[in-house]
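Protein sequences appear in the order of chains Z and Y.
Number 308 in the working numbering belongs to position 308 of the first sequence; there are no gaps in the numbering.
Number 239 in the working numbering belongs to position 239 of the second sequence; there are no gaps in the numbering.
Do not take every clue at face value.
In silico DSS-like pairs for lysine-lysine, Cα to Cα no more than 30 Å straight-line [stated by the list, open to error]: (1) Y:185 / Z:34; (2) Z:383 / Y:103; (3) Z:365 / Y:104; (4) Z:178 / Z:251; (5) Z:355 / Y:104; (6) Y:113 / Z:365; (7) Z:366 / Y:104; (8) Z:323 / Z:396; (9) Z:366 / Y:64; (10) Y:185 / Z:130.
Below, a sample of chain Z positions facing chain Y; criterion: calculated Cβ distance under 7 Å [what the hints assert, rightly or not]: (11) 11; (12) 15; (13) 45; (14) 47; (15) 48; (16) 49; (17) 50; (18) 51; (19) 53; (20) 98; (21) 104; (22) 367.
Keep in mind that the hints were calculated from the coordinates and are not lab data.
Cβ atoms here follow ideal geometry from the backbone N, Cα and C, with glycine treated the same way.
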Amino acid sequence: MGQIDTRKKVEILAEAAKYDVSCSSSGSSRANQKGGIGNAAPSGICHSWSADGRCISLLKLLFSNDCIYDCAYCINRASNHKPRASFTAEEVAKLTINFYKRNYIEGLFLSSAVFVNPDYTMEQLVKTLKILRDSYQFNGYIHVKAIPGADYKLIRQAGELADRMSINIELPSRDSLKSLAPQKKATDILQPMEQIGTDLVEYKEDKKKFKSTPDFVPAGHTTQLIVGASPEKDFQILKLSEGLYNRFNLKRVYYSAFMPVTPDKRLPAVSGPPLLREHRLYQADWLLRFYNFGADELLGPDRPDFNLDFDPKLDWALNNLDKFPVEVNQAGYWQLLRVPGIGPTSARRIISARKEARLSPDNLKKLGPVLKRAKYFILCDGKYLAGIPFDPDLIKSRVARDQKGKNQQLSLFAKTDLDKEQVIG
Amino acid sequence: MKTYLYDGTFTGFVTLIYWTFKDKVRPAKIFKQADFHGDLFSETVKIETDGELADKVIKSAKAKLSTRVFRKAYYAFLSEFPGIELAIFDYLYLGFADRVNLKKNWTDSSVLKVKKVARKVSRERHRFKGLLRFRELDQGILYGPYKPDYNISGLLAPHFAARLAGEQWIIHDLGRKMAVIYNGKSWLEISDDLLPRLELSEQEADYQEIWQEFFRSIAIDERYNPELQANFIPYKYREFLLEFENQDRRL
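Chain Z with its partners taken away, still in its complex shape (with noise of 0.2 Å):
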């Protein structure tokens, strides 16, 4: 390779870590060390927004793009025609300082292409981060990926060093796996994810008996799907992230909407990203970890996809309005939870609030939850405040009502080439 500057690399490795779409610097609370540089704030920050609306917050990078497998939905298949760069771990290291003294970053995100091969790969992501935390006393946020294949001992001194870690399943079923990406198996990628997920347990109790126990990815493991790329459905992706979480121990899925980057037979013709199919997987991703819901709640075999008119909590409530209405005065946490239109944070106050008074319909609203929809599934000291008789279809009918205006709103995350176009214009 002939020499390239730092900024050339950065827009070739930049543009080619981009498809990641996780960029999260929360969960650690890793502090600075006399003589060292940076910290990890528990609530993570952002620091800037890309055109696209997605945050950053890390600085996303591949160590290098020359990979050697050739998977069809992937930016850095071997076999499409890209320049092709690679870092050094100096390289990477010296610019991560740079950009974070600045205050652009939160930390860093390396990724990397499988070059020459996985271990070799995994050792260079591994020398890099020891030159930030040894050499420049970086104490920072590092999200790393763990290559699929390479020996798990490189795989831990990463996690040693690390504050999170991932390896992206990419492709949500084993059929899909050996189709479009027939050089990768799925036990090279599963396999790490379970040993990461009981190292970490295992290192948290080490860490009880022995203070000198390293942290072990102290804001936990991920991995990324791909939605729209090959044929499972939502049932489908979300039980297996539900899976995931209860047998992996995973901190979080990501979810990324297909775009065709190449041109590729076995590939669905699309003509834009499927970006509210993927926003209704986060939300019902959201569901799973902090609404204490189960997949089987929100689909079935019958019902394999979102509604994409209602938000799942919506959708769920409007399939079971037997449950309602609940009164705000009695009803438990959890049950609070599952109305639309209240949050933890609302639940939270309310329980807190009712402790001292008798909640009305005046002092609700005070509490911050948005009523323009809660008011169809609850009671408030007695009072039905819906203006409307309990009445599922009536119901039905003025929630999706409501909702004409809001998925006009929607424009906001659900762009499609269409409206980038009039944009552009």
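The hints should help you fit chain Y onto chain Z, whose structure is shown.
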């Protein structure tokens, strides 16, 4: 009915709280001295700022009302909203004299107001933890100019002092003409006419360019969505963000 005047500092305001609570009077109005232009009808009381008395109030507020409850009063004060002082007075009075549990109260209007305003200030503080951009000066000093809505420089300082502990930096609030300077050990608020002459380091332009390149490259064309972007990052915040600048690099 008396109008109370204080010097505009938080210490001054808390001294005011000390005297009014002691005398059991609720001010009709509270003004910063500089903002008060006099009126013929009201009697005015000028409060002499007293650090020791203020400390007393702060200590007892933290002990009796909790640090969090008191922090809300402080954050609300930093909003500099006209009239916020009286809401804070009522908020603290409810807590101290009427023993209202401020944490759990979501109905009283002054409590709601203080909480709401405090949340705005807290949000802006959080926002600028990410949005402040430092430029490296020729001595290696990092210089971060910005124009926040609220007086949050003193809230940002501990964050950057922990994070960039070994660096020297300046956070410059151009709207308020004040700055926080950090010398590698401790930080200090100063008036901005005390700032030295500012010149960029040699490598600064390169890093700004690489950052702009990164910012361009990381966006996905198929998802181009400037409305969504503007939702997260309104135009008023972009003035000092290098990535939204075209080619001219200014301080």
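Do the hints match the structure? See the list:
Our distance criterion of 30 Å between C-alpha atoms is met by residue 185 (chain Y) and residue 34 (chain Z), whose separation comes to about 11 Å. Restraint check for residue 383 (chain Z) and residue 103 (chain Y): satisfied, since their Cα atoms lie roughly 27 Å apart, inside the 30 Å limit. Only pairs whose Cα atoms come within 30 Å are accepted, and residue 365 (chain Z) paired with residue 104 (chain Y) is accepted, the gap being roughly 15 Å. Using a Cα cut-off of 30 Å, the hinted pair residue 178 (chain Z) and residue 251 (chain Z) holds, with the two alpha carbons roughly 26 Å apart.
A distance of roughly 9 Å separates the Cα atoms of residue 355 (chain Z) and residue 104 (chain Y); the hinted pair therefore holds under the 30 Å criterion. For the hint pairing residue 113 (chain Y) with residue 365 (chain Z), the CA-to-CA distance comes to about 15 Å; that is within 30 Å, so the pair holds. This hinted pair checks out: residue 366 (chain Z) and residue 104 (chain Y) have alpha carbons roughly 13 Å apart, not beyond 30 Å. At roughly 15 Å between alpha-carbon atoms, residue 323 (chain Z) and residue 396 (chain Z) fall within 30 Å of each other, so this suggested pair holds.
A C-alpha spacing of about 26 Å is found between residue 366 (chain Z) and residue 64 (chain Y), which places the hinted pair at or below 30 Å, so the restraint holds. Proposed proximity of residue 185 (chain Y) and residue 130 (chain Z) is supported: the alpha carbons are some 27 Å apart, at most 30 Å. The interface hint given for residue 11 (chain Z) is met, as the beta carbon of that residue sits about 5 Å from the closest beta carbon of chain Y, less than 7 Å. Taking 7 Å as the C-beta cut-off, the interface hint given for residue 15 (chain Z) holds, the closest approach to chain Y being about 4 Å.
Taking 7 Å as the C-beta cut-off, the interface hint given for residue 45 (chain Z) holds, the closest approach to chain Y being about 4 Å. Because the closest C-beta pair between residue 47 (chain Z) and chain Y is about 4 Å apart, less than 7 Å, the hint holds. At a threshold of 7 Å, the smallest CB-CB gap from residue 48 (chain Z) to chain Y is about 6 Å, leaving the interface hint in force. Hint on residue 49 (chain Z) holds. Least Cβ distance to chain Y is approximately 4 Å, under the 7 Å limit.
Interface restraint check: residue 50 (chain Z) against chain Y, minimum CB-CB distance 4 Å, threshold 7 Å, status holds. Taken as an interface hint, residue 51 (chain Z) checks out: its beta carbon lies about 4 Å from the nearest beta carbon of chain Y, inside 7 Å. Checking residue 53 (chain Z) against chain Y by beta carbon gives a least distance of about 3 Å; that is within 7 Å, so the hint holds. About 5 Å separates the beta-carbon of residue 98 (chain Z) from the nearest beta-carbon of chain Y, less than 7 Å, and the hint is met.
A distance limit of 7 Å between C-beta atoms decides the matter here; for residue 104 (chain Z) the minimum to chain Y is near 5 Å, and the interface restraint holds. Because the beta carbon of residue 367 (chain Z) sits about 5 Å from the nearest beta carbon in chain Y, less than 7 Å, this interface hint is met.
Of the numbered hints given earlier, the model fails none.
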